[in-house]
Amino acid sequence: MILPALAPALSVAVPLAAAFLAVVAPRPRLLVGVTVPAMLAVMALAVLGVRQGGPLVLAVGGWEPPLGIALVADGLSTAFLVATALTIGTVLVVALPQFPIRQNETRAGWAFWPLAFLLWAALNAVFLSGDLFNIYVAIEFVTLATLALVALEGKAKQVEAAMRYAMFALFGSLAYLLGVALLYAAHGTLDIGLLAQLPAQDTASLVAAGLITAGLAAKTALFPFHAWLPPAHAGAPAPASAMLSALVPKASFYVLLRFWFDAMPEAAGAIALQLLGALGATAIVYGSILAVRQNRLKQLVAYSTVAQIGYLFLVFPLAGGSAEPQPWTAGAWTGSVFHAVSHAFAKAAMFLAVGHAVLAAGHDRMSAMDGLTRRMPMTAFALGVSAVTLMGLPPSGGFTAKFLLLTAAFASGQVLWAAIIVLGGVLAAAYLFRPLARAFLPDRGRYGTVPRAQQALPLALAMLSVVLGIVSAAPYDFLQTGRPAAAEEGLE
Amino acid sequence: MTGLDTATLFAWCGAGLIGIGLYGFLANRHMLRRLVAFNVVGSGIFLVFGASGARRADLGPDPVPQALIITGIVVALATTALLVALVIRYADLAGRATLPEDEPGDDGKE
Chain C
1 MILPALAPAL
11 SVAVPLAAAF
21 LAVVAPRPRL
31 LVGVTVPAML
41 AVMALAVLGV
51 RQGGPLVLAV
61 GGWEPPLGIA
71 LVADGLSTAF
81 LVATALTIGT
91 VLVVALPQFP
101 IRQNETRAGW
111 AFWPLAFLLW
121 AALNAVFLSG
131 DLFNIYVAIE
141 FVTLATLALV
151 ALEGKAKQVE
161 AAMRYAMFAL
171 FGSLAYLLGV
181 ALLYAAHGTL
191 DIGLLAQLPA
201 QDTASLVAAG
211 LITAGLAAKT
221 ALFPFHAWLP
231 PAHAGAPAPA
241 SAMLSALVPK
251 ASFYVLLRFW
261 FDAMPEAAGA
271 IALQLLGALG
281 ATAIVYGSIL
291 AVRQNRLKQL
301 VAYSTVAQIG
311 YLFLVFPLAG
321 GSAEPQPWTA
331 GAWTGSVFHA
341 VSHAFAKAAM
351 FLAVGHAVLA
361 AGHDRMSAMD
371 GLTRRMPMTA
381 FALGVSAVTL
391 MGLPPSGGFT
401 AKFLLLTAAF
411 ASGQVLWAAI
421 IVLGGVLAAA
431 YLFRPLARAF
441 LPDRGRYGTV
451 PRAQQALPLA
461 LAMLSVVLGI
471 VSAAPYDFLQ
481 TGRPAAAEEG
491 LE
Chain S
493 MTGLDTATLF
503 AWCGAGLIGI
513 GLYGFLANRH
523 MLRRLVAFNV
533 VGSGIFLVFG
543 ASGARRADLG
553 PDPVPQALII
563 TGIVVALATT
573 ALLVALVIRY
583 ADLAGRATLP
593 EDEPGDDGKE
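Chains as they are written, first to last, in my numbering: chain C, 1 to 492; chain S, 493 to 602.
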């Protein structure tokens, strides 16, 4: 079968072509109508291909590594590809009426479409790259599309948020690039598969690992590099925020996961792993406390992302430990991926639903939630369902993720991390109940509404994050396709 | 050759440029100056990268870093162009080209 083998190339090429078409022939309805179903078909091909034949490897142009650059789709890549396709697909359909292009064409209405498709292509390129330098180019591509989306509305506040983001992102890419240069100098290859076979205990590799980790942490908005995220994500239009908050930090986290577990599992030291975990734990607590104190809906959701990103980094201490194989490492690794995917669905749903509430109310103060259960029941329900995932209540995907992480924490005797995970759930409830409680208040007939068909889409996305928890066995097995050995035996 | 070969000299120059650029990045608040500093750091990294092409004297120069550097320069150019556009836009809107010091939203209010 040739078709599944082409799936990696198509998942970059199709959105890239759509981005160019959106510039030349700006007809979003047609483009979304063709691209989204086409991409879902490509995703089905990729899933089938990986299930049947294991990881798909495509040497682009017929050049084999180390000279050529391979596109690799294993279980982990494909899981992120599918999550991206479902999230961006829904976001684009929701965005259609919000960025009309025929009547009253605006700069934002025109520019949103090529940027959204570019972001999609760039994210897929990150998830498929099997080479650290290719990842650098792809992640820069993500950053550029993100920057433009943040500044989309072109007001001083948004442009300022974009520049603040740019400062962190620039620092991040330079650190990453220097790390890549040092790795190349030490080993003469940047292919992840080849790096995995080399010993990585020398000084150059360790310095490179530190630079790459710091750079990617800045791009992921890990505490203390989080300050850029809330103004950037809250300032963008809601459909853009949904993509930025749900997917963009996951791209750099994905690279961290690949780097530590696939490329250089031996470089991990106990102190470094505990430090990453401690920063993640601080992000959970600090981000949640700041979220509780927000009075703007979009700011609250954006601070919630700062907190939720923290969980992802708990994988490092939980998967680390001694040199012996550890039974709980696979659980921690899978749990963090589950968290990334279910948070992507829930956060995109939440931003889209909040966007609808804000559209109906005309402002994004907390009182935009008043009477939401009566005016827009589906939007209110979408918010509730995505809140269930963010709090990690059963039966959501967020619960499965936290359950796996908790099991790993207890099995490895790291009770402190378990306590942080539980505390994070309680804090999430604290910041999410405030807007949700207001949805039951009367609104005195002041606000408008949005069409029901539009309200249904965020709800569908929120339900997806719950379905992920209910039928977690199939995605769990799928993730294990081509799982790196270190995800079984532990780092170090 | 007296201890210091060309590749090492280039690598040291690159390291020096990275240091100068970092200083410029931290010491200046004007966004255009920061962008220039970012490009100086970038050039330093490319120089280190290029020097790594000579790490095996018996094999001759390794061309791969050069290909990667050219790609990196294109990326840096695109980033710089976008950021210059953003800075100009910001200067037009806000009447200054420096970011305000306080972190927005950290006090929980707008």
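One or more of the hints may lead you astray.
Incomplete in silico selection of chain S near chain C, CB under 8 angstroms [stated by the list, open to error]:
#1 Ile565
#2 Leu569
#3 Val576
#4 Leu578
Between beta-carbon pairs, the in silico distance windows are [claimed, not checked]:
#5 Ala17/C x Gln558/S: 24 to 34 angstroms
#6 Ile289/C x Gly552/S: 26 to 36 angstroms
#7 Ala17/C x Ala577/S: 38 to 48 angstroms
#8 Gly552/S x Ala419/C: 52 to 62 angstroms
These are calculated hints, taken from the structure and not from any lab test.
All residues carry an ideal CB built from backbone N, CA and C; glycine is no exception.
Exercise for the section: Provide an ascending list of the numbers of those earlier hints which the structure does not satisfy. Expected result: Violated hints: 1, 2, 3, 6, 7; rest satisfied.
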